[in-house]
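So you can see what is in the structure, the chains are spelled out below.
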Amino acid sequence: MRRLLFLIRKEFQELRRNPRMFPVIFVAPVVQLAILGYAATTDVKNVPIVVVDADRSPVSRDLIGKFEGSPYFSVVDVTSNDGDVQREIESRRAWMALTIPPGYGDAIRNRRPVTVQIVADGSDSNSAGVGLAYASSLIAEKAAEIALQRRPPGAPTIGSIEARIRVWFNPQLLSQHFMVPGVLALLLMVITTVLGAMSVVREKELGTLEQLNVTPLKRWELTVGKLLPFGVIGIIDVLLVVAVAVLWFEIPLRGSFPLLFGLSLVYLLCTLGLGLFVSTISQSQQQAMMTAVFFFMFPMIYLSGFIFPIENMPAPIRPFTYLIPLRYYLVIVRGIFLKGVGLEAFWKDALLMLGWGVGVLMLATFRSKKTLG
Amino acid sequence: MPAVTVRDLTRRFGPFLAVDHVSFDVEQGEIFGFLGSNGAGKSTTIRMLCGLLKPSSGTATVGGIDVGRDPEGVKRRIGYMSQRFSLYELLTVEENITFFGGLYGLDDRTLAERRAFALDMAGLKGRERTLTRDLAGGWRQRLALGCAILHEPRILFLDEPTGGVDPVSRRQFWLLINRLSESGVTVFVTTHYLDEAEHCHRLALMHSGRIAALGTVSELKNVFAKRAVVEVRTASPMEAVRALDDLPSVEKTSLFGTALHVWLRPGQRATEPLRERLDGLGIHAESLEFVQPSLEDVFMDVVERAGGTAA
Ligand SMILES: Nc1ncnc2c1ncn2[C@@H]1O[C@H](COP(=O)(O)OP(=O)(O)OP(=O)(O)O)[C@@H](O)[C@H]1O
Ligand SMILES: [Mg+2]
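Heads up: the sequence lines are chains A and B, in that order.
Numbering of the first sequence is given in the working numbering, commencing with residue 1 and proceeding in unit increments.
Numbering of the second sequence is given in the working numbering, commencing with residue 1001 and proceeding in unit increments.
Calculated directly from the structure, the hints in this document are not laboratory data.
A portion of the hints provided could be inaccurate.
[To be verified] With a cut-off of at most 25 angstroms between alpha-carbon atoms, the simulated DMTMM-like pairs for lysine to aspartate or glutamate come out as follows: (1) A:K218 x B:E1094; (2) A:K339 x A:E311; (3) A:K339 x A:E250; (4) A:K204 x B:D1195; (5) A:K218 x B:D1195; (6) B:K1054 x A:E205; (7) A:K218 x B:E1276; (8) A:K204 x B:D1134; (9) B:K1054 x A:E203; (10) A:K218 x A:E203; (11) A:K66 x A:E145; (12) B:K1221 x B:D1025; (13) A:K204 x B:D1025; (14) A:K218 x A:E14; (15) A:K218 x B:D1107; (16) A:K218 x B:D1108; (17) A:K204 x A:E14; (18) B:K1221 x B:E1239; (19) A:K218 x B:E1152; (20) B:K1054 x B:D1108; (21) A:K218 x B:E1089; (22) B:K1125 x B:E1152; (23) A:K204 x B:E1286; (24) B:K1125 x B:E1113; (25) A:K218 x B:D1025; (26) B:K1125 x A:E14; (27) B:K1054 x B:E1094; (28) A:K204 x B:D1070; (29) A:K66 x A:D82.
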């Protein structure tokens, strides 16, 4: 036990003296969060929009006028041909399309509900998200105007316009709120897996590992002593990222913080175990970093649902996503942050994640024994 | 009982035999040198003796403990300095000592005592807070030695402890080794430097995984005692080699630093035939004189007879 303390203290002494460590561990997470957070809120102006006016009535032209008058949109084309929409959006001449159905004018005049369609190109998710919000509010404004103008005293408030929104190419619009919890998952993996692996391999490279191996230090003490400091750093980063997300970006943390914290520890088990495993198959720090990033982190990021929704993946690929701890953690973080749900909603994910962590740690410890020869 | 006994110790890496049925004993308090060219198998042997590497076959005991059966038991009783620099560069002198002392399980009082001892030994008193990275080579090696003996092991394994260190520091280092040996510590040391080997009580010459010769320095040199070696200094040594190689009185020639060593056949003691041959071919020799065979001569000879080339 005492040995373990000496080992942990040494690790922190080294970390403290490494001039690159502080920025990587504490500044980079905040910067990343800030970039992602602000990128997601950037104001979008003059979103090019194409309008399909199938009604061609004064009432429909009135709605188009509303878009033309808004600083947020520039109407690039008014057509009556539905096929134009596809072409214009694919060529990126327009980012959005508004389709006014035939009979729109009639419906308004007779105070019947009517639906217009808005299509947005989700491949630029941020602009699309902002554009959709503007479009919805313009239409809502129009609906309110109509309701006020045309409503005889005492008449029911039916006869509004409903906007049916469809997003192409990326139906699960990534918004800031959606993004930030994901960043937490990603950052923890980068910091603990990569730094943990590199720190172990560094000792292999320098030869100090051999010196440690000749002391009475036990294998488990060495494993824990090397990983625990990075676990602590991971915990600090969890707190940091959650604080910045909640206090700075005002993302509501709807669920339980202790639960989030506890499951983050389980996730750290996975990332640290993975780091240790990477260290057993790498001979140099550079190799460790490459292996961690290209063989593990990239595939994990792609397959976890962080970027592409799992439901959109081809069926043969989908089973592989179950191999990825990041998938479970994303479900958990997003669930706790955004939906405010608890263990009852994702206990399976939590269990699988725990199993993954224990498994990889055992595999890594076993391997690090064998490499001694 | 010997401090170290080695019987038929063998280590394979795949099909490659790095250490090939090696047997020897090291007596208590002895400085035992392991000499050999790159890749001879010195480090591999030492790592097996320290419990860091499993032998493929054969046995070894260190301090009476079987390395194959109880490597952890061996580890507790020995000190080891690996071939590579083994301290943490980002830690200060003092932090390194404290760290290793802690790993060896020293209590606070012992640790304080041994820290003072190691600082004194390394000549680093007053520089406790210097980063190890900023130390010059000689100090680093002495500090590494200090850290390896914090727990007062009775047997010490040093793998090329003076690699890349200046001659003055090397001399100082060997003074420390001598002192340890005098206090009864067994020192097992590998080296490339032949001049260092002369400090050892006994030497093993290792080549291609085998022990090619073993004995005291004078025993090894005696192999050549009855033969004369002539050192020839010339500006064109390569031509001189060709010129002298086929003289009847010459057994063999070898390049030796900037000079040439010529081994005369047993019973031959004349330098005139050499001089005549060189003059005849117009090769100018600055000097021709008898020299004492050095350890390097022995080493080259052993290696040649083993049918390899030395680095
Ligand atoms: N882990 C290993 N895997 C494969 N081959 C190895 C391993 N360790 C050593 N070898 C090989 O075994 C041979 C002996 O290596 P060793 O390090 O014992 O030599 P050495 O005498 O210490 O040489 P040097 O003077 O260069 O330190 C070398 O050919 C080396 O390449
Ligand atoms: Mg070696």
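Hints breached by this structure: 4, 5, 7, 13, 18, 20, 23, 25 and 27
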